[in-house]
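K.L.:
Take a look at the letters that make up each chain.
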Amino acid sequence: MYKNFFRYLISAIFLLGFSVNSNADFKVGFVYVGPTGDHGWTFQHHEGRNAVEAAGIKTTFVESVPEGADAERVIRQLAQSGHDLIFTTSFGYMDPTNKVAKDFPNVKFEHATGYKREHSNVSTYSARFYEGRTLLGHIAGKMTKTNTIGYIASFPIPEVIRGINAMTLAAQKVNPNIKTKIVWVFTWYDPGKEAEAAQALIDQGADVIMQHTDSTAPVQTAEKAGVWSFGQASDMQRFAPKSILTSIIDDWAPYYVERAIAARDGTWNQQDTWHGLKEGMVAMGPYNSAMGADLVKEVEQLQKDLASGKVHSFTGPIYDQKGNILVAEGKVADDGMLAGMSVYVKGVEGDIPK
Amino acid sequence: MSLDISFIGILIGSIMASSVPLILAASGELITERSGVLNLGVEGMMIIGAISGFALMVITDNLFIAIVGSMLSGVIISLIFGFLTQSLLTNHVATGLALTIFGIGLSAMLGKNFVGIPGKEFPVLFSSLRESIPFFGPILFGQSIVLYFAFVLPFLTNYFLKKTKLGLVVRAVGDSPVSASNQGINVILVRYCCILYGGAMCGLAGAYLSLIYTPQWIENMTAGRGWIALALVVFATWSPIKVLIGALIFGGITILQLHMQAIGFRIPVQFLSALPYLMTIIVLVVISRDSRKIKLNTPTSLGRIFYKEK
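Sequence lines, in order, name chains W and A.
Numbering-wise, this note's numbering puts 101 at position 101 of the first sequence, and it's gapless, one number per residue.
Every number in this note's numbering is 1000 more than the matching position in the second sequence, counting from 1.
Next comes chain W alone, as it looks inside the complex (with noise of 0.2 angstroms):
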């Protein structure tokens, strides 16, 4: 009997060599902030995976991995371990992935949402969530009887204040006298913390909730308080079916499935993405029968518009809190601008955290 098994063994560790050392097969890694049951965020970024896979491409995750010094030991394991194309997929891994991808030249890393591209193997990807954003304003600015939108922030970061100020923006269009306000949770998921920062912001009089966090706690305790609410990441209508008005939605599948080819096929090269609606790397869920059909109708119209460039989320004038002037009358707000946003525009209660 152990004779069989030593024999097996050998055979294995044969095997095992055998398919490290040929390095034939193409593999795709991915890494995860959340859990992939999270139905938020890290949930969309795992069905981006189950699209590379269905295309015929190994792939293995690694999830629920802290930002900072536990990302790079997982990076650098996937690299080692003979992953040929990495996609981090949270701000947090930025220095990380940057740091990895100049000890493996002939991996390809690609990092979501950041804008480091230290080597020529490091290429960014992101979505114009602002866009979303800008309809959820929109949507607010009408919906709202208090004139308070209650907002829960993750962290200060470009991407969420981008975010707040894009979605303020378009309220005050619609809503001269709409007041954001905002409470910071430092972290991206938290059930509980989410739930009582919303409760929060409703006690504190908001009628809409919306949340630039992973759970659904925050929609699900806006349905409890009968209060309006906004899926985020993804389509979160069935835990809140009265309270949710539309969601945004990432939809990464089409973008991973075209990278992991490329560079399957060593057509990889660098490159710094930024799709929106327009490409559908950002797209809206079903807008709730709630809002009514005109509102309905004009959203929908302000979407194509968004979508075909007639519109921008950022068109100026646009004042900072102080009242200097952002962006000048007639103009928009450049890329470079929309990817370092640090302060507020008017119409924002409170101070950025530093």
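With a cut-off of at most 30 angstroms between alpha-carbon atoms, the simulated DSS-like pairs for lysine-lysine come out as follows:
1) Lys242(W) to Lys1112(A)
2) Lys173(W) to Lys242(W)
3) Lys322(W) to Lys142(W)
4) Lys173(W) to Lys346(W)
5) Lys242(W) to Lys179(W)
6) Lys354(W) to Lys116(W)
7) Lys1295(A) to Lys1162(A)
8) Lys224(W) to Lys1120(A)
9) Lys331(W) to Lys346(W)
10) Lys116(W) to Lys58(W)
11) Lys27(W) to Lys1112(A)
12) Lys1112(A) to Lys58(W)
13) Lys224(W) to Lys1112(A)
14) Lys346(W) to Lys142(W)
15) Lys346(W) to Lys322(W)
16) Lys1293(A) to Lys1162(A)
17) Lys1120(A) to Lys145(W)
18) Lys1162(A) to Lys1308(A)
19) Lys173(W) to Lys310(W)
20) Lys304(W) to Lys331(W)
21) Lys1120(A) to Lys242(W)
Stretch-level coverage of chain A by chain W, calculated; a stretch enters the list once three of its residues show a Cβ under 8 angstroms from a Cβ in chain W:
22) 1006-1013
23) 1108-1114
24) 1258-1269
Bear in mind the hints are in silico, worked out from the structure with no lab data behind them.
Just so it is clear, the structure is predicted and the values come from calculations on it, not from any experiment.
Quick reminder that beta carbons are idealized off the backbone N, C-alpha and C, glycines included.
Starting from the structure of chain W, add chain A where the hints point.
P.N.:
For chain A alone, kept in the frame of chain W given last:
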């Protein structure tokens, strides 16, 4: 926003609701630790309770079975810890940490099919009184039965430890297992019971999260509350009433800082976020200054392996 009296009532009500999981888990762990066993697996037992409760609710559509089942699942998983530490004499710290990692992994696996299913409304008691009485209504009424239980539990625990013979036995086992054993007490059996009780309370704390507080299952939804409960027990110097105070302060400051942000106080948000941890530690350290009392409450043989020589 007006800070009228009924609003403060609503605020206190939500503070109480948010501190329930901490009270339950910390009260359970307190009994375990008073018997001399350090179980760092609180987070793991809570998350197992959360998924079991939610899964049973979906399968049986019966909330009573779900609640009881979550406590049973806590008992079962803590039995693993008990067997390893009490019968196989493994190290408490290492085994407890392993239990947490195991619990988080197992719950994610068991929960795969339960992600994305909306939860069910949990019945609340006296909801009509909640609306009709200002201030006291939202505090005292319209809450779930688990909340009422959680707020009685620390007093029951206190009574049990101080006034009952069984409580004395638990404390004796935690302070000096050798002398207790010489007195004819079955130390291992007592410790087993305390571990299982701790497991049941942690399971219930998890079920409170997945069935009542945020009715849904998502992976890792306890998000570190088990560790806070563990810290509470130590900072409350193993006194059940101080555990209650600590949990309320922690829950209170967490909720208050969110409100302060929403109102627009010009205080750095990072400081506000750290405030619950800081304040809880400061208050508990201040109210537990009496070193004589600390000595009296601290289980002297906490975390030490005991075995009976044959």
